[in-house]
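**Student:** Chains as they are written, first to last, in the working numbering: chain R, 1 to 340; chain Z, 1 to 340; chain A, 1 to 340; chain B, 1 to 340; chain D, 1 to 340; chain U, 1 to 340.
Heads up, a few of these hints could be off.
No copy is singled out in the list; a pair is fine if it fits within one copy or between any two copies.
[As the list claims (entries may be wrong)] Here are the simulated lysine to aspartate or glutamate pairs, DMTMM-like style, with alpha carbons at most 25 Å apart:
#, residue 1, residue 2
1, 262, 122
2, 157, 123
3, 170, 60
4, 126, 49
5, 267, 29
6, 267, 250
7, 171, 60
8, 262, 60
9, 153, 327
10, 268, 118
11, 184, 197
12, 187, 146
13, 184, 206
Just so you know, these hints were derived from the structure itself, not from any lab.
It should be emphasised that the depicted structure is a prediction, and the values quoted were computed from it without experimental measurement.
Number of protein chains: 6
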Amino acid sequence: MKKVVTFGELMLRLAPENYLRFVQSDRLEATFGGAEANVAVSLANYGLDAAFVSKLPEHEIGQMAVNSLRKFGVNTSYITRGGDRVGIYYCEKGASQRPSKVIYDRANSSIACASMSDFNWDEIFKGAKWFHFTGITPALSDNVAEICLKAVKEAKKRNIIVSCDLNFRKKLWSKEKAGLVMGKLCKYVDYCIANEEDAKDVFGIEADNTDINSGKLDREGYISVAQKLTKKFGFKGVAITLRESLSANDNNWSAMLYTGSKAYFSKKYAMHIVDRVGGGDSFGAGLIYSLVNGFGAQKTIEFAVAASCLKHSIEGDYNLVSIKEVEALAGGNGSGRVQR
Amino acid sequence: MKKVVTFGELMLRLAPENYLRFVQSDRLEATFGGAEANVAVSLANYGLDAAFVSKLPEHEIGQMAVNSLRKFGVNTSYITRGGDRVGIYYCEKGASQRPSKVIYDRANSSIACASMSDFNWDEIFKGAKWFHFTGITPALSDNVAEICLKAVKEAKKRNIIVSCDLNFRKKLWSKEKAGLVMGKLCKYVDYCIANEEDAKDVFGIEADNTDINSGKLDREGYISVAQKLTKKFGFKGVAITLRESLSANDNNWSAMLYTGSKAYFSKKYAMHIVDRVGGGDSFGAGLIYSLVNGFGAQKTIEFAVAASCLKHSIEGDYNLVSIKEVEALAGGNGSGRVQR
Amino acid sequence: MKKVVTFGELMLRLAPENYLRFVQSDRLEATFGGAEANVAVSLANYGLDAAFVSKLPEHEIGQMAVNSLRKFGVNTSYITRGGDRVGIYYCEKGASQRPSKVIYDRANSSIACASMSDFNWDEIFKGAKWFHFTGITPALSDNVAEICLKAVKEAKKRNIIVSCDLNFRKKLWSKEKAGLVMGKLCKYVDYCIANEEDAKDVFGIEADNTDINSGKLDREGYISVAQKLTKKFGFKGVAITLRESLSANDNNWSAMLYTGSKAYFSKKYAMHIVDRVGGGDSFGAGLIYSLVNGFGAQKTIEFAVAASCLKHSIEGDYNLVSIKEVEALAGGNGSGRVQR
Amino acid sequence: MKKVVTFGELMLRLAPENYLRFVQSDRLEATFGGAEANVAVSLANYGLDAAFVSKLPEHEIGQMAVNSLRKFGVNTSYITRGGDRVGIYYCEKGASQRPSKVIYDRANSSIACASMSDFNWDEIFKGAKWFHFTGITPALSDNVAEICLKAVKEAKKRNIIVSCDLNFRKKLWSKEKAGLVMGKLCKYVDYCIANEEDAKDVFGIEADNTDINSGKLDREGYISVAQKLTKKFGFKGVAITLRESLSANDNNWSAMLYTGSKAYFSKKYAMHIVDRVGGGDSFGAGLIYSLVNGFGAQKTIEFAVAASCLKHSIEGDYNLVSIKEVEALAGGNGSGRVQR
Amino acid sequence: MKKVVTFGELMLRLAPENYLRFVQSDRLEATFGGAEANVAVSLANYGLDAAFVSKLPEHEIGQMAVNSLRKFGVNTSYITRGGDRVGIYYCEKGASQRPSKVIYDRANSSIACASMSDFNWDEIFKGAKWFHFTGITPALSDNVAEICLKAVKEAKKRNIIVSCDLNFRKKLWSKEKAGLVMGKLCKYVDYCIANEEDAKDVFGIEADNTDINSGKLDREGYISVAQKLTKKFGFKGVAITLRESLSANDNNWSAMLYTGSKAYFSKKYAMHIVDRVGGGDSFGAGLIYSLVNGFGAQKTIEFAVAASCLKHSIEGDYNLVSIKEVEALAGGNGSGRVQR
Amino acid sequence: MKKVVTFGELMLRLAPENYLRFVQSDRLEATFGGAEANVAVSLANYGLDAAFVSKLPEHEIGQMAVNSLRKFGVNTSYITRGGDRVGIYYCEKGASQRPSKVIYDRANSSIACASMSDFNWDEIFKGAKWFHFTGITPALSDNVAEICLKAVKEAKKRNIIVSCDLNFRKKLWSKEKAGLVMGKLCKYVDYCIANEEDAKDVFGIEADNTDINSGKLDREGYISVAQKLTKKFGFKGVAITLRESLSANDNNWSAMLYTGSKAYFSKKYAMHIVDRVGGGDSFGAGLIYSLVNGFGAQKTIEFAVAASCLKHSIEGDYNLVSIKEVEALAGGNGSGRVQR
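Isolated chain R, as found in the complex (with noise of 0.2 Å):
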């Protein structure tokens, strides 16, 4: 099995049942979720030793947040247990004109206080192929910037591929800071995953005639991101999803992956969604399992959103999906026949 090993933090996802606002609801949801946590899942439903490296407390709602990752066969050995907390985010789901709304709970957590000694890289890295962190990772605490750091110079030490999902989170820091450190980190890093929002945020650098809120984007506008993104910081690949929102349920959905000499578009999904989290993640994830298998750019591309396809139609952070059912959809059939 090969080994991806991915850092970050993992956190309880409090929401409500169906389409309940948090002031009707006495019961929620109690699933466990974070940008890296995510790709793990997915890339060991895939069959690969998908390791996820965080910190997390000793009791018993740590030990939840371990078991939901174990119970879907990743690998969380290198989880450091310990500190105060597990950071929460409380989500309740939008539905047509309304929008879906997270507040984050998140301060303080183990893993945003944890240290550089909690994270042993030379064990975690045995055999490893690949790492993956997002922008939420060094977003976390300074301390957690520099283990982040530390990680990614440790991973090119032993050739280990690197990505990134650039994931700005204007709630955890400024886009000032942002791009100091990710400029940083981003010189290690082999791929880079981003929406159109995050390039800009992050590095300023920005597609033409695009209004985020409008549901509408330009397509050639993403090819001129990746081309500058490429250009200052030599990655082998650059991945953008491409997300009309046309209502709370209702989302187009489409990628493209430029290779720094061609951009690779995906067929374009109607999507009637079900649970919108976690969707960039499961991209990331398709991303790098074509990639760690050395699937040429198109299929690539097209397994990668197809994914993330089906993530929309899971309830929760994670996409439990199959190699077999990601094929069948990129394959062609998408028509949701009962499969008897």
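Fit chains Z, A, B, D and U to the given chain R structure using the hints.
**Tutor:** Relative to chain R, chains Z, A, B, D and U alone:
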């Protein structure tokens, strides 16, 4: 805080979960709703001192009803406690070609059996700016029709603005009786809210060339309905909601405000519906909020329609949205992106 | 009350709640269903004396199955009690591009192991007007195929009309075996129900230029299929359902009734699906109800399609709608307005 | 199958989940119950042809009530459909020192408003061996009291045995009225079921030295109550249940059958209660089953008490146990070992 | 209405359903609780103007907390909105030999980070008769300890009676610090509430020969504890609760009120527990209600213990009982008969 | 980590919620359990490398079973995937005098149909210290009995300690066959676990004067049973659990360990039961954990009984407790105070 008073019935709403039919259910969601109480909840959410006037039994089911309002900040201090029962309505949610179904069991409720002495309008109207009721209230019983007449007269004495949603319910009274009673009450009304059916059912006022069941509406016809209503009762304003029912899941929604001089039409929203009950009430509340705050006619109708559009994405009778959320939608953001 | 007899298997249906995947579920909805039992429930709802014939264990799980039918008025007095187990099917609801998934665990069920002596057709057919089965029943085991052959012969002896839904299930038998067995049985059948796949899979009868997975159907091709079937077996009527699968959530639905002389096409419904399992069975029941009552061909096919359109808005296998509701839809009201 | 007829009201029972109080609940369990219907369900479970006679609305809530009986095999063919509403009772389960609470909302139910012509006793009593009602039925309204009197007279004409559970409910009528009406009815009754309170409340017949609230009962006093009742009405048998309420969770339970010549006491069971509503009805059903089958007095009282002891371990009004289970307990096995 | 003010933290309580362990749960009951808020809810239920003072975030989770109090009539107008987070406690219910488990995640809550200027005691204490807090409030942070000291001083200035429940929590502060801070605060306290552990942990005051874990208590020792406390701080009254823990399901419960001259012991209740969290708070509320209304010492302690006995039969932190229910139990009816 | 291997079947457990009967349930809790898997989960919780060996289908229901073990850290790498079905057991929880009920539907499961070549014992036993199975495993089929014999022989070859819980199930095989097969297997067993019934049912070895159903046990008799077993098979130790069934809710629980020289009795626990299924398995796991770690006989039996006492307070088959929790109870704290 501006004080608004509404008067009517608050019922226990018993509904199967999700899309289950009555005969499939051995557990029912137990929430509360009623046209005028729904308006009060909206207004309390918008920060007004919204007082709901009614009568409810002293027992625990009556208390559940009171608590459902207190929870959202409605002023319940004018609710008289006594009588035998809380009115009930059973509500089965439709889907696709299957319509929603409502079964009333509201006869002999505490409010339907209330007497004139149950309400002290001097105290109730102290400091009030606005009084609102709907055609359901006088339809409950002759007693309540009398009380209602008393209320509007007392309101007028105090220069309190009066609004009325015609809200014709054929299971409560005949068109003839409705016309008679509402005709008396409307003399004291400043703002009238209706849909096309109401105007026709109650006063025989009709727009041409409209087929309610076809889902297609002739907007121009609504102006003539508003004009006729205004002519008959001297309303300061007439607001008409325009619903196009494509299926139980999908409706188009817009409205018109006619101010005597001009008709203002709102944007039209294509809605994927979570729960349409209370949609009209949330429109009324948006209208009252806007007028109490002196918004212009176009802003008023846009606010009212955006508010009620959002209601269709929310479970239960009550519209649980903030001013900020309504304004975001009225201002153009209906794309449903996640708000982090 | 007209008596209709159906014969087949009733299974325990275990399904995750809402859109959860199997691997996310630690609680399963436990309802019951099976092609011929589903037909019986529909017919009981329409007021017929609908008798379901099968074999179920004596234990409580068998009793749950019986109760699920009694609840809706099905005549269960001809169900033999005995054998070891209730067949099971696990059912995961699809969404958007993710198809629904069915896993069968029905081998060695009481009915699959039943013997000829378990059923007294003299008593069962007393007063009966119609006998219905589907291609699933003879596929259960050679025993049951023999019993089925006995049943149709006994029915014919008594001038009971026989209908059969081809319902090919590739997990139960091969196309070759299906063709052989169904070929024998169809000699005794008056009305044949099928979809295009069935005719091809069972008898190699095919319509040209149709791609099932594309979701587009060539209506003309269906006429030729019906003609070929009629030619081969001398059916009085052949009904073919026409499903266009746009996604797991959205399907178009219509059907054709071919009477030997002419093909009658129904309206086509654009459905937003709640649960599509049992859709075909509800069509068959609508057809039987209409024919038993002597409706004309066009009215028959409209009733059957409207009935099965409504089924897609209902959870579970059973179509829980009234004649009145079907007629309202067939008569043109599909706008989904609230019925108060 | 021996046919037993019971006559009374079937209500919708709305109950918070587990031990929640009404004011904590936004979802209610919706089951059905009523003294005479509960008896019918028990008897159907024991394999008798148990017919329940009542009146229920035509709408879906009425249908839910009918289905709840059909599910367990009760003969519902004599239930008249019509009238406005299903009676309701709200039921909050007590725990420890907190008593259970019942709120009735049953006025104006279809059965309470029924008229003499709603019931054809000729047809109802065809082939019947036994007729059962309780003191609740005539308390519903004067109409129903008249119908009840008619029913017992018709029963007597046909040599049908009549049993009556006194079941006094102070919220339905006064002691005086109860005494008057029940006095007339009891002339036609063969077997009388009561608890000590009933005899006192209805007929002023009292056992000495018993304090209901203390939870301690003077068994000897019951014999004198039975003797007085027998003397007054010439009953063939009087059965009295003996409940010792230690807390809402723990009760002792036993009973006495007095046959005119001798009193037979049952074993006493120490019960840890799941749901005590319907406990008395399940006792009545056990008694009727035993007497219909000619069991001796001691066996009769042991069967009835064991049956009702088991009821206390079952949620809802209906006693869902088999003859085999009752006999196992009556025969001495109350240790609760797993039955594999 | 007499006005009582309480001051402290209101937390989100996340609890698995029924007896599930944390690691078994993917859905958590989300209610709210906190020692002083629990007292306020009890007092609002008893009809007082109970104002709860705290600080909660502006976001929806903060709003849920406010609504949980408004629902039961608590005066929330002095709750300052702001800060980052709602404190959380995870709560797993024990059973039999398995103890309940509480995990706190309350650091950095809005109230813990509140500043002196967040509260206007002039306004808060307008018309107030009583002020209550517990040892948890000053333990939240040094800030809050200062605010608490300010509050008691302001209360004393206005002749408002002050009560304090020692409520020592070892996870919030050390015994040493507790002793120091509580020592200062208790100078302004009139009525002190404690259990034996509290007095020892906070002030080193100890009763002889008592083993908390053995479940056996030496009542006489409590008198000496109360005497020592009274001597040290000049309390008008000291109330001590006496819990005997037999298992997680079964506890005995009683209490003592020492008035400086005499010790009054209550009845002892053997409780079968539904939820013991908030048991002490409901005792405090019963005490305050009794004293505010001038009940004598024996009646006071009986009311307080009966109230808190009932709390143990109720889910969640809040004691949702009426005066009538408490008085019925205190008056001797604990047999748990159904109240119809 | 010490490696322990267990071998057997893992079944889907379908159970109504709370105390509902099967016939009341339209939703079933879906967890997993099986004697040897239950032992593995306990041991994984105690920190051992617990490997469970079995065969499960490749489909999603098989995957659910695997995930249920991975979640708690069980080593599932030796589970062969294939075959047709997951065995099922339906489980209805008893209450008071109503016993729990188990219905098996496990015939033809993947493991029951497994063949010798499905398991590579060389690899499985690499590094293992202990092998455990129960009498259920060889009872599944002749195939599996052969595999089991192979396994114990392979274990013995490698000096792996072997334990066996006799666990007689009369629905799986006859006493005669059990005696024959178990007799062969027990020659390779070091530690035997049983209850009195097992020894009698399988080997005809009986303790005098004991009536299983009476709930009273003669402890002395157990010593003679252990002696006879030891004499016959040369066991190093025989452990016998002593259950006194007072009701479905209340049991007393203790055990004895006989080491050839002496019998060690544990404390006896009076348990209020949440779920007793898996109680024996959790005892076995406690025993293995203690013996693997070289605990003395008295400490061993106390640990095993405390562990299994706690199991009775936990829902589902798996005993989800930590070493710390077991030791706290074994060390004397069973009072159930809240642990904050």
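**Student:** Next, verify each hint and record whether it holds.
**Tutor:** Now for the hints, and whether the structure bears them out:
In the homo-oligomer, the alpha carbons of residue 262 and residue 122 never lie at most 25 Å apart, since the shortest distance is 36 Å inside one protomer and 52 Å across protomers. Within a single copy, residue 157 and residue 123 get their C-alpha atoms as close as 14 Å, which meets the 25 Å cut-off; across copies the closest is 35 Å, which misses it. Taking CA atoms no more than 25 Å apart as the test, residue 170 paired with residue 60 passes between copies only; the shortest distance there is 19 Å, against 31 Å inside one copy. Both within a single protomer and between protomers do residue 126 and residue 49 lie at most 25 Å apart by alpha-carbon distance, with minima of 12 Å and 21 Å respectively.
In this homomeric assembly, residue 267 and residue 29 never come within 25 Å of each other (Cα to Cα): the closest approach is 33 Å inside a single copy and 36 Å across copies. In the homo-oligomer, the alpha carbons of residue 267 and residue 250 lie at most 25 Å apart both inside one protomer (17 Å) and across protomers (20 Å), since each shortest distance falls under that limit. Proximity of residue 171 and residue 60 under a CA criterion of 25 Å is satisfied inter-copy only: 17 Å between copies versus 28 Å inside one chain copy. For a Cα distance limit of 25 Å, the shortest separation of residue 262 from residue 60 qualifies neither inside one copy, at 49 Å, nor across copies, at 39 Å.
Proximity of residue 153 to residue 327 under the C-alpha cut-off of 25 Å is found in neither arrangement, the shortest distances being 34 Å within a copy and 45 Å between copies. Proximity of residue 268 and residue 118 under a CA criterion of 25 Å is satisfied in neither setting, with 43 Å inside one chain copy and 44 Å between copies. With identical chains, the CA atoms of residue 184 and residue 197 are at most 25 Å apart within one copy only, with a shortest distance of 20 Å there and 55 Å across copies. Taking the shortest alpha-carbon separations for residue 187 and residue 146, only the intra-copy value of 14 Å comes in at or below 25 Å, while the best inter-copy value is 50 Å.
Proximity of residue 184 to residue 206 under the C-alpha cut-off of 25 Å is restricted to the intra-copy arrangement: shortest distance 20 Å within a copy versus 61 Å between copies.
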